[in-house]
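Could you slot chain R onto chain S? The hints should help.
Number of protein chains: 2
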Amino acid sequence: MLTEFGFIENLRAKYGFQKIGDDCAVLPKNAKTDTVVTTDLLVEDIDFRLDWTTPELIGQKALAVSLSDVAAMGAKPVWSMISVGVPERRWRSDFLSGFYRGWHRLAKKFDVELVGGDVSRTPDRIVVDSIVAGEVKKGRAVLRSGARPGDQIFVSGALGGAAAGLRLLEQGVRIETAASWQKRLLERQLTPTPRVADGIELASNRIPSAMIDLSDGLSSDLAHLCRESGVGARIFADRIPFHPKLKAFTRSFDERLALALDGGEDFELLYTVAPKKILGLQKQARKSSFGSLGEITANAGIIELINGDKTLILEPGGFRHF
Amino acid sequence: MLTEFGFIENLRAKYGFQKIGDDCAVLPKNAKTDTVVTTDLLVEDIDFRLDWTTPELIGQKALAVSLSDVAAMGAKPVWSMISVGVPERRWRSDFLSGFYRGWHRLAKKFDVELVGGDVSRTPDRIVVDSIVAGEVKKGRAVLRSGARPGDQIFVSGALGGAAAGLRLLEQGVRIETAASWQKRLLERQLTPTPRVADGIELASNRIPSAMIDLSDGLSSDLAHLCRESGVGARIFADRIPFHPKLKAFTRSFDERLALALDGGEDFELLYTVAPKKILGLQKQARKSSFGSLGEITANAGIIELINGDKTLILEPGGFRHF
Numbered sequence: 081m082l083t084e085f086g087f088i089e090n091l092r093a094k095y096g097f098q099k100i101g102d103d104c105a106v107l108p109k110n111a112k113t114d115t116v117v118t119t120d121l122l123v124e125d126i127d128f129r130l131d132w133t134t135p136e137l138i139g140q141k142a143l144a145v146s147l148s149d150v151a152a153m154g155a156k157p158v159w160s161m162i163s164v165g166v167p168e169r170r171w172r173s174d175f176l177s178g179f180y181r182g183w184h185r186l187a188k189k190f191d192v193e194l195v196g197g198d199v200s201r202t203p204d205r206i207v208v209d210s211i212v213a214g215e216v217k218k219g220r221a222v223l224r225s226g227a228r229p230g231d232q233i234f235v236s237g238a239l240g241g242a243a244a245g246l247r248l249l250e251q252g253v254r255i256e257t258a259a260s261w262q263k264r265l266l267e268r269q270l271t272p273t274p275r276v277a278d279g280i281e282l283a284s285n286r287i288p289s290a291m292i293d294l295s296d297g298l299s300s301d302l303a304h305l306c307r308e309s310g311v312g313a314r315i316f317a318d319r320i321p322f323h324p325k326l327k328a329f330t331r332s333f334d335e336r337l338a339l340a341l342d343g344g345e346d347f348e349l350l351y352t353v354a355p356k357k358i359l360g361l362q363k364q365a366r367k368s369s370f371g372s373l374g375e376i377t378a379n380a381g382i383i384e385l386i387n388g389d390k391t392l393i394l395e396p397g398g399f400r401h402f
Numbered sequence: 081m082l083t084e085f086g087f088i089e090n091l092r093a094k095y096g097f098q099k100i101g102d103d104c105a106v107l108p109k110n111a112k113t114d115t116v117v118t119t120d121l122l123v124e125d126i127d128f129r130l131d132w133t134t135p136e137l138i139g140q141k142a143l144a145v146s147l148s149d150v151a152a153m154g155a156k157p158v159w160s161m162i163s164v165g166v167p168e169r170r171w172r173s174d175f176l177s178g179f180y181r182g183w184h185r186l187a188k189k190f191d192v193e194l195v196g197g198d199v200s201r202t203p204d205r206i207v208v209d210s211i212v213a214g215e216v217k218k219g220r221a222v223l224r225s226g227a228r229p230g231d232q233i234f235v236s237g238a239l240g241g242a243a244a245g246l247r248l249l250e251q252g253v254r255i256e257t258a259a260s261w262q263k264r265l266l267e268r269q270l271t272p273t274p275r276v277a278d279g280i281e282l283a284s285n286r287i288p289s290a291m292i293d294l295s296d297g298l299s300s301d302l303a304h305l306c307r308e309s310g311v312g313a314r315i316f317a318d319r320i321p322f323h324p325k326l327k328a329f330t331r332s333f334d335e336r337l338a339l340a341l342d343g344g345e346d347f348e349l350l351y352t353v354a355p356k357k358i359l360g361l362q363k364q365a366r367k368s369s370f371g372s373l374g375e376i377t378a379n380a381g382i383i384e385l386i387n388g389d390k391t392l393i394l395e396p397g398g399f400r401h402f
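Chains as they are written, first to last, in the working numbering: chain S, 81 to 402; chain R, 81 to 402.
In isolation and in its complexed conformation, chain S is listed as follows:
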C-alpha cells in the first residue's frame, strides 16, 4: 500500500507542485519577508481521545503542532485559522469553549491572532484543522533539503517522552491521578511545547543547513530530511538524548531507544549544521545542551544506527497514518 509520504511525492511529481513537501510552504510576502504556511488535521480517535485529555488541551495541542511546523522553518508565527467539525452532542456541551480557551492560552504566548475559520457539523466525531502562518526574513526559511555530507545532526530537546506518555495513557494512567514522573511524560504527549524561539534563533543566526520538526519520530523524520537533501546519515544510539523520565518508565535501554527513535510527537527540532557553523551553534544563547547525534553521509537514503559495536540500517519506524 502507498504510504502517505509516497502519496505526497506522487502528487508533487504528477502535478508539478513545487511548494509541497516541507514543514511549511514558503511564499513571498514583500521585499524583506517570506510567509510560511502549514495545515494539520487532527481527528478524534486517531490523533486524540476525549477520555485521555481535555478540550483545553486539545485546543492547545492543535495549535502547538502547527506552531512546531512554523518553528521548523525558523519562522515567527503570526496568524492562524481553525476549522472545526463537531457532532451535535459536542456542540451542546462546553467542548468548543474549552477548546478555544486552550487554543487562546497558547496563542497569547506567541502573539498569534485567530483570523478565520469554519464550523461544521459532523456525524459523530470531532475533527480539527489547524492552519498557521508565520514570517521569516526573505530567503532565510530553513528547508529540509539543505543537508550536506559532513554536517552534524542535532536535536533541540530530549526524545521519547511523548511516546512513553502515550503508552501510559493506553495503560489507563490519567493526568489527574498520575505520579509525578508519569505526569512529566503525559505532559510531553498532551501539551507539547513548540520550539518557536529555538527555531527563530537558529535561522536568524543562519546555523542549520536543514531542519524538520520531530512529529512522526526521529527515524522517520531524519529519513524525510535525508530524502529531501539527497543524503544519508549515521547516528549513534548512545548520543540520543532520552527524556529523563524514560528510565522510570522502562529499565530496558532497547525500549527507551525504540521510544526515542520511533515514538513521534516530541515536537523537538531536528537540524543539521555544517562543520564551519558548529562554533556559531555553541555560541548561541539557546544552544541545545546535547551534542551531535551523528553526521550526514553521502550514502543517499541510508540511515545507519551505531549501537555499541553493531551497525544497523535504520528503517523509518515512526508514526504514519497509512
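Warning: the hint list may mix true and false statements.
Pairs count within a copy or across copies, as identical chains cannot be separated in the list.
Stated by the list, open to error - Simulated crosslink set (DSS-like; lysine-lysine; CA at most 25 Å straight-line):
(1) 112 <-> 217
(2) 99 <-> 188
(3) 367 <-> 218
(4) 188 <-> 94
(5) 218 <-> 112
(6) 94 <-> 189
(7) 189 <-> 367
(8) 189 <-> 99
(9) 217 <-> 367
(10) 356 <-> 218
(11) 390 <-> 263
(12) 367 <-> 94
(13) 189 <-> 217
(14) 218 <-> 357
Calculated from the structure, these hints are not laboratory results.
Only chain R this time, still in chain S's reference frame:
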C-alpha cells in the same frame, strides 16, 4: 441552542478577534497588496454524499466553495492548501486520485497552486478542509460591513438551482441518468461555478459597498451582510432571479421562492451598490443581466420581503450546521 453565527460572534467578542466574520480575513501583504484567506470544512454525509457525486466533483467543489469566498472579497485567488482525512478503505481506493484530479481541473482555470496540505486517517468518514488565499489591491477588499441605507441590492446570477438539485438527489435522481433540465439543476449543486471574474471586476471598479457569497442562502446571507453593516433591507419577491429550470422542477411560485430564498449553495455574489455607482455597474462588461432585488434600509436587522401586496419580515432560513 446557540447558532454557528452566534458562536462566531461570541468568539469575536470574548477574545477580541477583529479579523474573523467576513468571507475571508484581510491581511497586509506589502505596500500595494492585501492577502485574503479562507477555510472551508466539508464533511462526508453532512456536506456531500459519495453515492450522489464522484471523487472528481468533490475535489472540484471543495476548491469552488473557497474560491467563492475569495471572489466575495473581490480578490484574485493565488494559492491553496488541502487537508484531507480518509478511512483506510478509501485510501486503498482511487478516491484521492480522483479528488485531486477534480481539484486540479478547477485550479488550473484560476491559476491556483497547491502549496501544502495534510493527509490523515479517519475512523470512517471523509473530511476535507479547503484553504485558499487570494490577493487584492490594498484597501480594496470588499467587506460585508459597507452597506448603507439607499444602496441597491444585486446578485451575480440566478438562484435556487443548487437547492433544487439537492432535492433531486434526495429524490434519487442521479447525474448520469438525469433528464437535461434535471442535469442543469444537479450541476448547480454538484459543480458550482465560483464568480471569481465578477468579484474581481466589481472590486477593481469599486462598485460594491458590501459583498458576500451566497452559500447559506439569500435570506441568511443577506441577514449576515445587514448585521455586519448595521442596516436592514427590503427585497421584492418578483425581482429575485429564479434559475430558469426551477419552473420544470415545480409549478409553485411559492416553492420556487423558498428555494431561491433559503436554498443555499448557489455560490453567486450578493452585493450592494450606492446610488451614485449604479451607472458604473451598468457600464461594467460583466454586469449582471438582473436588476436590483431591492434596497438597503436604515431599519437595522429587519429584512422585509415584498411579495405582491404583502410585506413579510424575512427570517434567515438558509442552511446552517447548528
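Results of checking the hints against the structure:
no.	hint	verdict
1	112 <-> 217	both (6 Å within a copy, 19 Å between copies)
2	99 <-> 188	between (29 Å within a copy, 16 Å between copies)
3	367 <-> 218	within (24 Å within a copy, 41 Å between copies)
4	188 <-> 94	between (40 Å within a copy, 14 Å between copies)
5	218 <-> 112	both (5 Å within a copy, 18 Å between copies)
6	94 <-> 189	between (40 Å within a copy, 17 Å between copies)
7	189 <-> 367	within (21 Å within a copy, 48 Å between copies)
8	189 <-> 99	between (29 Å within a copy, 19 Å between copies)
9	217 <-> 367	within (21 Å within a copy, 43 Å between copies)
10	356 <-> 218	within (23 Å within a copy, 44 Å between copies)
11	390 <-> 263	neither (35 Å within a copy, 67 Å between copies)
12	367 <-> 94	neither (41 Å within a copy, 38 Å between copies)
13	189 <-> 217	within (21 Å within a copy, 32 Å between copies)
14	218 <-> 357	within (20 Å within a copy, 41 Å between copies)
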